[in-house]
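Undergrad: Here are the chains, one letter per residue:
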Amino acid sequence: MFGYVFVDKPNLLIKDYSLYRAYYCGICKCLGKNRSQLMRITTSYDITFLDILLHNVFKKTPVLSNEVCILNPFKKKPIVKWDDITLSSIEANDLLMYYKAVDMIADKDKLKGKTLKNLVKKGYKKSRKKYPQLDELLKKQYEKLSLMEKEKETSIDKVADCFAVILTETVKTLSKERFTYDLGQFCYYIGKWIYIIDALDDLDKDFNSGNYNVFIERCGNFKNKKQFIDDNRTEIEFIVAGVYNQIKDIFERLKFDIGDGIMTNIVWYGLNTQSLIVLGRLPECRKTRL
Amino acid sequence: MQKNPFVILKVSENATQQEVYEAYAELKEKYSNDRFLEGEKGKKAAKKLSEVEEAYAEAMEILKNRSFIEDTGSMYGGIAKLIKEGKLNEAQDRLDDMTVRDAEWHYYQAGIYHAKNWLNESKAQLEIAISMEPSNTKYKETLDKLLKKMNGQGAYSEPRSGYERNREDMSNAGGCTCCDFCLGFLCADACCNCLGGC
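Listed in order, the protein sequences are those of chains A and B. Following numbering that gives the first Met the number 0, the numbering of the first sequence begins with 0 at its first residue and continues without gaps. Following numbering that gives the first Met the number 0, the numbering of the second sequence begins with 0 at its first residue and continues without gaps.
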C-alpha cells in the first residue's frame with residue numbers, strides 16, 4: 000500500500016526473514032483463493048504487518064507448510080497457511096485500498112487511481128457487506144481529510160489524526176473483544192507516522208502537481224525537497240522523532256508471542272531507517288512503492 | 000465490546016491509582032492461591048490471574064495518561080473532570096464556549112490535545128500558557144513532562160528477540176544489495192528468493 004512499514008533487511012535475522020516471507024506468501028495465496036489471481040499483485044508488506052499483528056492479538060500460531068509459488072513452480076518454500084485472521088486482513092486491505100484509490104483520483108493521480116479502483120472494486124463490495132460500520136468510518140475519515148486539504152490545514156496533528164484513526168479503527172474492528180488500550184495507541188502512532196512520512200516523501204510530487212501537502216502549507220518557501228527539509232530540519236525532525244519515540248515506548252508494553260522478532264526489527268530498525276531515508280540522512284535504495 | 004480493564008478489576012472508571020492498585024492486589028492474592036486448586040478451578044484461576052495482571056497494566060497506563068494535567072480547582076474544574084473521564088468532545092465544547100482565553104484556558108486546551116495524542120499541538124498550547132504567565136511553575140513542569148514523553152522514555156538497552164538496541168551500523172549505510180532493487184518488482188523478487196535467495 001504505502002510501503003513504509005517494513006523490516007530493515009540487512010539487520011534481519013534469517014529465521015525472521017523466512018517467517019516474514021511466509022506470511023507475505025500466505026497473504027498472496029489467500030488473495031488468490033478468496034479474491035482473484037489478479038488481486039494477488041496488491042499483496043504488500045503493510046498488510047503483512049497487519050496480519051502478523053492480528054495473529055498476535057488472537058494468539059493464533061501460524062501453520063507453516065511447504066508449497067510452490069505461482070511464479071516459481073519448481074521449488075517449494077515455507078508459507079503460512081491462511082486462516083480466518085488472514086481473511087480478515089485482506090478484507091481490510093480491500094477497504095483501505097479502495098479509499099486510497101478514491102483519494103488518488105481526487106489528487107489528480109487519475110490513471111493509477113482508476114486502475115486501482117477497478118481492481119479492488121469487486122473485493123471492496125464483498126468486504127463492505129461484512130464490515131459496514133468500518134466502511135462508513137473510513138469514508139467519513141477520508142471526507143474529513145479531503146475537507147482539511149481544501150482548507151489548507153497547517154496543523155500536523157490534526158491532519159495526521161484522520162489517517163491515524165483509520166488504522167486504529169481498522170485494527171479495533173478486526174480485533175473485536177481483544178482490542179486493548181495499548182494496541183490502540185500503538186496503531187494510532189503508527190498510522191500518524193505513515194501519514195507524516197508519506198507527506199515528507201511526496202514533497203516534490205505534491206508541489207509539482209499542486210496537491211495539498213501539510214508540510215508545505217505549514218512551513219512554506221518550497222523550492223525542492225532537499226532544500227525544504229534542510230531549511231526546516233529542526234522542526235521536521237522533532238515532529239518525526241516525537242511520533243517514532245511514542246511507537247517505541249508503547250512497543251515496550253506490548254507482548255508479541257508470534258513474530259516478536261519481526262515486530263522488533265520493524266519498530267527498532269525498520270521504521271527508523273525509513274525515517275532517516277525520507278529525512279535525507281541515508282541513501283535511498285528503494286524506489287518503487289504501490 | 001472489548002474487555003474493559005476497570006470492569007475486570009471491579010473498580011469504577013473514575014477510580015484513583017490507589018484504588019486500582021488495591022483492587023489489583025486483592026484479586027491477585029485470590030487467584031494466586033486459587034490456581035493451585037485441582038482441575039478446572041485451578042486452570043480458570045490461572046487464566047484469571049494473567050487477565051488481572053494485563054488489566055492492571057492497562058488501567059495504570061490509562062490513568063497515567065489521564066493525569067497529564069491537574070485540576071486547578073477554578074471554574075475549569077468541570078473540564079478537568081471531563082478530560083479524566085475521556086469525554087473530550089464535551090470538554091472541548093465547554094472550552095470553546097469560554098470567551099476569556101487566559102493562560103489557564105491554554106493549559107486546559109493542552110490537556111485536551113494531549114488526551115487526543117496531538118502532542119505537537121499540546122506543546123504549542125503549553126508554550127502559549129507559559130508566555131502569558133511566565134511565573135507559573137505548574138505550566139513549566141507540565142511542558143517538561145511533555146517534552147520528556149516526546150523524547151522517549153526509558154533506555155532500551157535490553158535486547159529483544161535476538162535484536163540489540165542502539166546499533167550504529169544501521170542498515171542501508173552499507174549500500175544496497177541487488178535484492179533491494181528487485182524488491183519492487185514482484186517477479187524478479189520472487190525469482191531472487193524462490194530460486195535459492197540471497
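Wrong hints could be hidden among the right ones.
Cβ-Cβ distance ranges computed for the label pairs, FRET-style [to be verified]:
{"id": "1", "chain 1": "B", "residue 1": "Pro158", "chain 2": "A", "residue 2": "Phe237", "range": "26 to 32 Å"}
{"id": "2", "chain 1": "A", "residue 1": "Arg232", "chain 2": "B", "residue 2": "Lys42", "range": "55 to 61 Å"}
{"id": "3", "chain 1": "A", "residue 1": "Ser17", "chain 2": "B", "residue 2": "Lys42", "range": "17 to 23 Å"}
{"id": "4", "chain 1": "A", "residue 1": "Gln132", "chain 2": "B", "residue 2": "Glu132", "range": "41 to 47 Å"}
{"id": "5", "chain 1": "B", "residue 1": "Asn135", "chain 2": "A", "residue 2": "Gly209", "range": "41 to 47 Å"}
{"id": "6", "chain 1": "B", "residue 1": "Glu163", "chain 2": "A", "residue 2": "Arg280", "range": "18 to 24 Å"}
{"id": "7", "chain 1": "B", "residue 1": "Lys137", "chain 2": "A", "residue 2": "Gly31", "range": "58 to 64 Å"}
{"id": "8", "chain 1": "A", "residue 1": "Asn220", "chain 2": "B", "residue 2": "Ser49", "range": "27 to 33 Å"}
{"id": "9", "chain 1": "B", "residue 1": "Asn150", "chain 2": "A", "residue 2": "Val62", "range": "40 to 46 Å"}
{"id": "10", "chain 1": "A", "residue 1": "Ala105", "chain 2": "B", "residue 2": "Glu132", "range": "43 to 49 Å"}
{"id": "11", "chain 1": "A", "residue 1": "Lys222", "chain 2": "B", "residue 2": "Lys80", "range": "20 to 26 Å"}
{"id": "12", "chain 1": "A", "residue 1": "Asp256", "chain 2": "B", "residue 2": "Gln17", "range": "17 to 23 Å"}
{"id": "13", "chain 1": "A", "residue 1": "Asp256", "chain 2": "B", "residue 2": "Arg93", "range": "17 to 23 Å"}
{"id": "14", "chain 1": "B", "residue 1": "Lys42", "chain 2": "A", "residue 2": "Lys111", "range": "51 to 57 Å"}
Listed below are the simulated DSBU-like cross-link pairs for lysine-lysine, each with C-alpha atoms no more than 30 Å apart in a straight line [stated by the list, open to error]:
{"id": "15", "chain 1": "A", "residue 1": "Lys171", "chain 2": "B", "residue 2": "Lys137"}
{"id": "16", "chain 1": "A", "residue 1": "Lys171", "chain 2": "A", "residue 2": "Lys247"}
{"id": "17", "chain 1": "B", "residue 1": "Lys29", "chain 2": "A", "residue 2": "Lys247"}
{"id": "18", "chain 1": "B", "residue 1": "Lys9", "chain 2": "A", "residue 2": "Lys59"}
{"id": "19", "chain 1": "B", "residue 1": "Lys83", "chain 2": "A", "residue 2": "Lys143"}
{"id": "20", "chain 1": "A", "residue 1": "Lys254", "chain 2": "B", "residue 2": "Lys139"}
{"id": "21", "chain 1": "A", "residue 1": "Lys14", "chain 2": "A", "residue 2": "Lys99"}
{"id": "22", "chain 1": "B", "residue 1": "Lys80", "chain 2": "A", "residue 2": "Lys157"}
{"id": "23", "chain 1": "B", "residue 1": "Lys139", "chain 2": "A", "residue 2": "Lys175"}
{"id": "24", "chain 1": "A", "residue 1": "Lys129", "chain 2": "B", "residue 2": "Lys40"}
{"id": "25", "chain 1": "B", "residue 1": "Lys2", "chain 2": "A", "residue 2": "Lys128"}
{"id": "26", "chain 1": "A", "residue 1": "Lys171", "chain 2": "A", "residue 2": "Lys128"}
{"id": "27", "chain 1": "B", "residue 1": "Lys2", "chain 2": "A", "residue 2": "Lys59"}
{"id": "28", "chain 1": "A", "residue 1": "Lys254", "chain 2": "A", "residue 2": "Lys14"}
{"id": "29", "chain 1": "B", "residue 1": "Lys83", "chain 2": "A", "residue 2": "Lys59"}
{"id": "30", "chain 1": "B", "residue 1": "Lys115", "chain 2": "A", "residue 2": "Lys138"}
{"id": "31", "chain 1": "A", "residue 1": "Lys59", "chain 2": "A", "residue 2": "Lys149"}
Derived from the structure by calculation, the hints contain no laboratory data. Idealized CB from N, CA, C, for every residue including glycine.
Undergrad: State for each hint whether it applies.
TA: Consistency of the hints with the structure:
1. With their beta carbons about 28 Å apart, Pro158(B) and Phe237(A) fall inside the hinted range of 26 to 32 Å.
2. Look at Arg232(A) against Lys42(B): about 57 Å separates their beta carbons, and that is inside 55 to 61 Å.
3. A hinted range of 17 to 23 Å for the beta carbons of Ser17(A) and Lys42(B) is inconsistent with their spacing of about 34 Å.
4. Under the hint 41 to 47 Å, the C-beta atoms of Gln132(A) and Glu132(B), about 45 Å apart, fit the expected range.
5. Hint check: Asn135(B) to Gly209(A), Cβ distance near 45 Å, so the stated range 41 to 47 Å holds.
6. Separated by about 21 Å at the C-beta atoms, Glu163(B) and Arg280(A) satisfy the suggested range of 18 to 24 Å.
7. Distance hint for Lys137(B) and Gly31(A): a CB-CB separation of about 60 Å, consistent with the stated range 58 to 64 Å.
8. Here the CB-CB span from Asn220(A) to Ser49(B) is close to 55 Å, at odds with the stated 27 to 33 Å.
9. About 42 Å separates the C-beta atoms of Asn150(B) and Val62(A), a value consistent with the hinted range of 40 to 46 Å.
10. Between Ala105(A) and Glu132(B) the C-beta distance comes to about 44 Å, which sits within the given range of 43 to 49 Å.
11. Remark: the range hint 20 to 26 Å for Lys222(A) to Lys80(B) is contradicted by a beta-carbon distance near 49 Å.
12. Look at Asp256(A) against Gln17(B): about 32 Å separates their beta carbons, and that is not inside 17 to 23 Å.
13. In this structure the supplied range 17 to 23 Å is violated for Asp256(A) paired with Arg93(B), their Cβ-Cβ distance being about 43 Å.
14. For Lys42(B) and Lys111(A), the Cβ-Cβ distance of about 54 Å falls inside the hinted range of 51 to 57 Å, so the restraint holds.
15. Taken as a hint, the Lys171(A) and Lys137(B) pair is broken in the structure, with Cα atoms around 36 Å apart against an allowance of 30 Å.
16. For a cut-off of 30 Å, the pair hint linking Lys171(A) to Lys247(A) stands: about 20 Å separates their Cα positions.
17. With a C-alpha separation of about 34 Å, the suggested pair Lys29(B) and Lys247(A) falls outside the 30 Å cut-off, and the hint is violated.
18. A threshold of 30 Å between alpha carbons decides the hint, and for Lys9(B) with Lys59(A) the separation of about 29 Å falls inside it, so the pair holds.
19. Between Lys83(B) and Lys143(A) the alpha-carbon distance is near 26 Å, which keeps this suggested pair within the 30 Å criterion.
20. Our distance criterion of 30 Å between C-alpha atoms is broken by Lys254(A) and Lys139(B), whose separation comes to about 35 Å.
21. A C-alpha spacing of about 33 Å is found between Lys14(A) and Lys99(A), which places the hinted pair above 30 Å, so the restraint is violated.
22. For the hint linking Lys80(B) to Lys157(A), the alpha-carbon distance of about 24 Å falls within 30 Å, and the restraint holds.
23. For the hint pairing Lys139(B) with Lys175(A), the CA-to-CA distance comes to about 40 Å; that exceeds 30 Å, so the pair is violated.
24. With a C-alpha separation of about 38 Å, the suggested pairing of Lys129(A) with Lys40(B) is violated against the 30 Å cut-off.
25. The hinted pair formed by Lys2(B) and Lys128(A) meets the criterion: a straight-line CA distance of about 26 Å does not exceed 30 Å.
26. For a cut-off of 30 Å, the pair hint linking Lys171(A) to Lys128(A) stands: about 17 Å separates their Cα positions.
27. Using a Cα cut-off of 30 Å, the hinted pair Lys2(B) and Lys59(A) holds, with the two alpha carbons roughly 19 Å apart.
28. A distance of roughly 19 Å separates the Cα atoms of Lys254(A) and Lys14(A); the hinted pair therefore holds under the 30 Å criterion.
29. At roughly 35 Å between alpha-carbon atoms, Lys83(B) and Lys59(A) are farther apart than 30 Å, so this suggested pair is violated.
30. Proposed proximity of Lys115(B) and Lys138(A) is supported: the alpha carbons are some 21 Å apart, at most 30 Å.
31. Of the pairs offered as hints, the one joining Lys59(A) and Lys149(A) is violated, with about 44 Å between alpha carbons and a cut-off of 30 Å exceeded.
In summary, the numbered hints that this structure violates are 3, 8, 11, 12, 13, 15, 17, 20, 21, 23, 24, 29 and 31.
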